[in-house]
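Student: Chains A and B supply the protein sequences, listed in that same order. So the mapping is simple: our numbering equals the position in the first sequence, first residue as 1, plus 54. So the mapping is simple: our numbering equals the position in the second sequence, first residue as 1, plus 98.
Simulated from the structure, these hints should not be mistaken for lab results. It is possible that part of the hints are untrue.
To be verified - Derived lysine-lysine pairs resembling BS3-like cross-links, with alpha carbons at most 30 Å apart:
1. Lys198/B / Lys159/A
2. Lys304/B / Lys198/B
3. Lys387/B / Lys397/B
4. Lys304/B / Lys288/B
5. Lys304/B / Lys159/A
6. Lys387/B / Lys304/B
Since the model is a prediction, treat every value here as computed from it, not as a measurement.
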Amino acid sequence: MREGDGVTNRFQGSELTAERGAPAWDMAAALELVEGDRELVEELANLFAEECPNALAEMRGALEGNDAALLERLAHTMKGSSANIGATGTSQLALVLESQARSGKLDGAREQFALLEAEAGRLLAELRALSSRAAT
Amino acid sequence: MSAGNTSKTRILIAEDDPVSRRMLQAFLMKWGFEVVAAANGLEALRILEESDAPPLAILDWMMPGMEGPEVCRRIRQHIGRTYIYVLLLTARTQKDDLLKGLESGADDYLTKPFDAQELRARVNVGLRILDLQHSLIETREELRFRATHDALTGIANRGVILEELNREHSRRSREGGSFGIIMVDLDHFKQVNDTCGHHGGDAVLKEASRRMTECVRAYDTVGRYGGEEFLIVVPASDEIGTLGLAERIRSEMEAQPVALDTGEIRITGSLGVAICSDEHPQDLQVLLKLADEALYRAKERGRNRVELAVQGLSGLSLDTVTAPLKSVS
């Protein structure tokens, strides 16, 4: 759980995978990032939910086209995007994918992308649940 | 022009991720900025190259179209424009990368994920730099005005009026045609100073300048040539035109007395006119000398008078020319 020390880079490049069972999304962490602005968190979550499927599709395309540079940029964006809504698991997976793409070695990238896609799927489900709760 | 703090400082954010962009925008708006958002490097560059670009910019490093550092490099190439304070947002924490960022022209960098308060503090540093720039520009413009204008009357100073004369003279040499100069000297000015003091003398000089400025066209220049001497450059004008203007000035000067603390005082001027034309393409020194001689003649012939320089053997009778003009006012 982030303590609010935003200066240090949280991600040290470790090959962490998301813990099974842990929520893909940490609302408390998200709120802390925006200094408690609940409406903003919801807005950001909605934006992410809209963008995520496109982003994943583009990444798939980059992998299929063996475009390491594009994949690196997309993974980098996903890393930042998910971090901004407190989805640490997704963010860490994206970080690993970004490093792999940067090194130019796309062998492990396919597996890593599969992991990322699965985690992102969980995340999107949780976000959808939140917005349907909010609607009631 | 701006009344206190009613206008918000504009800031550009360039970030391709919609979530990060929205987050930045929300923070900056909360802190009182007017946010301009770009989704890629090319859009950011386009906005920053406009004449009314925001003075502050937060650029993400990795963006489609053009990366943050490259946008930085491009805008730094525009010399002589208002400075744009740039913060580079980067996830790259390797020292080499950071140095590269600064060398590309960024003023500061912030690592991602960023801490809101740190971002705010660094943006405020940018505001401090912009304030400094603003006051430097203001001072520079004030100094520029003072260097080119007469402190008392606000009209062009001697250096500037001579420059203007030089410019007009060169132009006429290239393009042909004619222009005139009018040398004006206030009558009995020493007496004004003696009776009304220098304060009164200053008031008379200011009022005389004002009256002369009222009479001339938009592209004529009135300048302070000496203590109580003025030089007027009248482009695209021949004898008749310049004499007509000189007579209007003479008339305007004497028309109303000047109100001083010590009472009212009547002012008049003597004016010497000289023309530079295709027929008489005088060089500058000769032209000034001719106007000066005409001015001297005006004094000799009773003051409150316009005289035209004698040029060549045109046989022009000066009184014949000036008399009819006196009746037209």
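Student: For every hint, state whether the structure bears it out.
Tutor: Results of checking the hints against the structure:
Distance check on the hinted pair: Lys198/B and Lys159/A sit about 25 Å apart at the alpha-carbon level, within 30 Å; holds. Proximity of Lys304/B to Lys198/B is assessed by CA-CA distance (about 58 Å); at most 30 Å being required, the pair is judged violated. Only pairs whose Cα atoms come within 30 Å are accepted, and Lys387/B paired with Lys397/B is accepted, the gap being roughly 15 Å. A hinted pair counts as satisfied when its Cα atoms are at most 30 Å apart, and Lys304/B with Lys288/B qualifies at roughly 16 Å.
Proximity of Lys304/B to Lys159/A is assessed by CA-CA distance (about 81 Å); at most 30 Å being required, the pair is judged violated. About 26 Å separates the Cα atoms of Lys387/B and Lys304/B, which keeps this hinted pair within 30 Å; it holds.
Figure legend: structure checked against the earlier numbered hints; hints not met, in rising order: 2, 5.
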